[in-house]
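Novice: Here the protein sequences come in this chain order: A and B. Okay, so the first sequence: first residue is 1 according to our numbering, each after it adds one. Okay, so the second sequence: first residue is 1 according to our numbering, each after it adds one.
Please keep in mind that the hints were generated in silico from the structure rather than gathered at the bench. Quantities reported herein were computed from a predicted structural model and do not represent experimental measurements. Hints are supplied without guarantee of correctness; some may be wrong.
[Said to hold, decoys possible] Mimicking EDC-like on lysine to aspartate or glutamate, the simulated pairs with C-alpha atoms at most 20 Å apart in a straight line are: (1) A:Lys187 <-> A:Asp231; (2) B:Lys333 <-> B:Glu343; (3) A:Lys24 <-> B:Glu319; (4) A:Lys6 <-> B:Glu343; (5) A:Lys187 <-> B:Glu147; (6) A:Lys6 <-> B:Glu147; (7) A:Lys128 <-> A:Glu190; (8) B:Lys333 <-> A:Asp3.
[Claimed, not checked] Here chain A is said to cover these stretches of chain B; the calculated rule only asks that three of the stretch's residues, wherever they fall, bring their Cβ under 8 Å from a Cβ of chain A: (9) 162-175; (10) 213-219; (11) 298-304; (12) 503-513.
Just so it is clear, CB atoms sit at the ideal spot from N, CA and C, and this is done for glycine as well.
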Amino acid sequence: MIDILKFRLGYGRQTVAFPDGPPKFPARFRGRPAVDPSRCTDGCTACAEICPTEAILAPGTASMAVDLGRCVFCGDCAAACPPGAIRFTDDHRLAARAREALVVRGDEPVLAAALDGEMRRVLGRSLKLRQVSAAGCNGCEAELNATGNIQFDLGRFGVQFVASPRHADGIVVTGPVSENMLLALRKTYEAVPAPRLVIAVGACAISGGVFRESPVVSGGAEAALAGIPVDLFVPGCPPHPITIVDGLLRLLGRLG
Amino acid sequence: MTGPIHDVRPRASDLLETWNGEAVDARAVPVHPVSRFRAIVLEALAGGGRLAALFGRPAEGRVLLTAVLADDPEGRLALLSTLVDGAYPALSAEVPAAQGFERELAEQYGVRPEGHPWLKPLRFEPPLRPVRDAFGRRDPRATIPGEYPFFAVEGEEVHEVAVGPVHAGIIEPGHFRFQCHGEQVFHLEIVLGYQHRGVEPLLQGGPDRRSLALAESIAGDTSVGHGLAYVKALESLAGRPPPARAMALRGVALELERLANHVGDLGALAGDVGFLPTASYCGALRAEFLNATAELCGNRFGRGLLVPGGVRHDLGAAEAQAIAARVRGAWEKSRRAAGLFFESPSVRARLEGTGAVSRETALALGLVGPAARASGVDRDVRRDHAFGIFRFVHVPVVTADTGDVFARAWIRLLEGERSAAFVASQLENLPEGGARDPLGPLAPGSLVVSMVEGWRGEIAHVAVTDEAGRLARYKVKDPSFHNWFGLAMALRDGQISDFPLCNKSFNLSYAGHDL
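For reference, chain A alone in the conformation it holds in the complex (with noise of 0.2 Å):
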């Protein structure tokens, strides 16, 4: 016992200073693209001939854009481009409420609109979330844990993953959706009690990311809960947890 205090006492603060301060990211962190389309050179298009998911719309026009939606930030398109048409920044807002805002142009942030005012009365302070994964890999549900650990400790917040969707408010989808956890995911759905949340994570609950063209998956969470709305899409392969807690403190008009 005497050990464990005294390695207690020696561990200090672990949680991290986001979102009171700025998050800390290493130098090579890929966050959202910011894409220069006046720095193309004519007629090239090799950013969209070397992205393994199709991300890159337009590419080499006026109106060329990232779908983040699609992004694995594997970084090979700006590696592909030394006029840094596309770049990565370190900014971690990726999250959107709308699939669209998704597809960015120019250098302008991504921030997730809150819920609307009775929707965050009810939730905004606790958010209980069942999560399903759908075929992830184990990526994406990695940094959902690293969420509730000491370090970015998503339970400050109210926020909780909990064992039975009849306690949530909504489910959590990683994954592309396989055809054999179509059931399941839908059948999990539904035990949430009304009003529910669906909150995408991951390219692959997004989009389908690389398995997009799997015919065995659904390409992804909207695709899957055909006519049931997502309420939030978090991109990243996986994302960072920085970018989960943001995308979930801004839906609850947490983050100004």
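Got chain A; can you put chain B on it based on the hints?
Specialist: Below, chain B alone, put in the same frame as chain A:
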């Protein structure tokens, strides 16, 4: 029909000898009649060999079955094939370690292994060629993993417990069906397949721009392990080994992956027995290793580091020293955090004797990685089939002999110790030179077995190229493929309340199994 009596010992010409990462002429793999194939495989396995892979691919309207036999002490691999159609006498009746491979063959190619003791769908994937379903299902595409012929125990006071596919935590999906008498588990059946994404067919026809990202997503917690097996396979086929500096950096990333997962697992085990100090510390310390990986390449799971031909990011001397110091510091703390756990008598009492897997069972099931080593099975690809940097720098292999949860936990601590020392010393002495070479085209008509010791154990990829040098077949084997059955056996005659702890002590991949 059963196999012949093993009257003839295999001759050298019966097998094509190769080793980890050597590309061979695919046509040079001897093709035997089924009975002869079976006899040679059984003979080799009886002589201490191990079935590292068994997979099919279409040929001449039939299915060409290829076995990869591993001779671990000698560091050699051997290949042989047979053509089958419809049905053939199963190996699994005599070699339990073949059970998953043969169920996979039945599912993918409609080839029925006659006499298989446990012939049930493996991952509920649609067949890779139009065939009659080997399990007699009318529409295999329409069936999902829940529709499964469970083994059921009948009797007074016998009851079933069903868990999953959606689990209580943030965990991948799978279904566990327990046959219990009170608390005692008579039998645990594990049904997987919920995670099936069709990885192998997506890799076929490559390499293309998507392939590497796919390989890194086979199991997200093993991005470096599977990614490395993939790039290594390509480099072998192209005949272009990566520069020494890239080998060292890859070794560092692989061992950081092992450290992050082993430390995370120790924390998770502590959490499961309610020992919260270690659960909290290890949860945070795991991040130290993930963040060190992100210093290498920008991603906490090592995605974007590997590339066929080398690594995408090199390190400056100061950066390398800084990461080395950080890893040393993080390990020092991890060792102390784990020490609190292992020194607590109540923790030891909870772990010791729980979920024991005997050495005989581990050998019969072909267990790999820490799960095998905890049961006294001394195998590790880094030593037995050394690849990359491990051909020059040896990481000592650790074994235990009790095969229980304690042994599986303790192995992780000891392995972490050696991995941390390896990472720090490599970063402090990185070889000079470049970190990436161009790849070049892949050799046509070739086959390569590419193995890596991931943190869960042996990862084996087998790549076969067509006449144009494209990937005609890409076979993936995650260590979990063998080890899930080990978990089922760990529970036999145990207490159902020990399941979470046993499960955590294996911590297997669902996605890696389901592909």
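Novice: If a hint holds in the structure, say so; if it doesn't, say that too.
Specialist: Cross-check of the supplied hints:
1. A threshold of 20 Å between alpha carbons decides the hint, and for Lys187 (chain A) with Asp231 (chain A) the separation of about 18 Å falls inside it, so the pair holds.
2. Proposed proximity of Lys333 (chain B) and Glu343 (chain B) is supported: the alpha carbons are some 15 Å apart, at most 20 Å.
3. In summary, the hint linking Lys24 (chain A) to Glu319 (chain B) is supported, as the alpha carbons are separated by about 17 Å, within the 20 Å threshold.
4. Simply put, Lys6 (chain A) and Glu343 (chain B) have alpha-carbon atoms about 15 Å apart, close enough for the 20 Å limit, and the pair holds.
5. The suggested pairing of Lys187 (chain A) with Glu147 (chain B) holds, with an alpha-carbon distance near 16 Å, which does not exceed 20 Å.
6. Proximity of Lys6 (chain A) to Glu147 (chain B) is assessed by CA-CA distance (about 53 Å); at most 20 Å being required, the pair is judged violated.
7. Restraint check: the Cα-Cα separation between Lys128 (chain A) and Glu190 (chain A) comes to about 16 Å, which is no more than 20 Å; the hinted pair holds.
8. Simply put, Lys333 (chain B) and Asp3 (chain A) have alpha-carbon atoms about 13 Å apart, close enough for the 20 Å limit, and the pair holds.
9. For a cut-off of 8 Å, the count of residues in the region 162-175 of chain B with a CB near a CB of chain A stands at 8, and the three-residue condition holds.
10. With 5 residues carrying a beta carbon less than 8 Å from a beta carbon of chain A, the region 213-219 of chain B meets the three-residue requirement, and the given coverage holds.
11. Here the region 298-304 of chain B counts 6 residues with a CB under 8 Å from a CB of chain A, which clears the bar of 3, and the coverage holds.
12. With 3 residues having a beta carbon nearer than 8 Å to a beta carbon of chain A, the region 503-513 of chain B meets the requirement of three or more and the stated coverage holds.
Violated hint: 6 only; the structure is consistent with all others.
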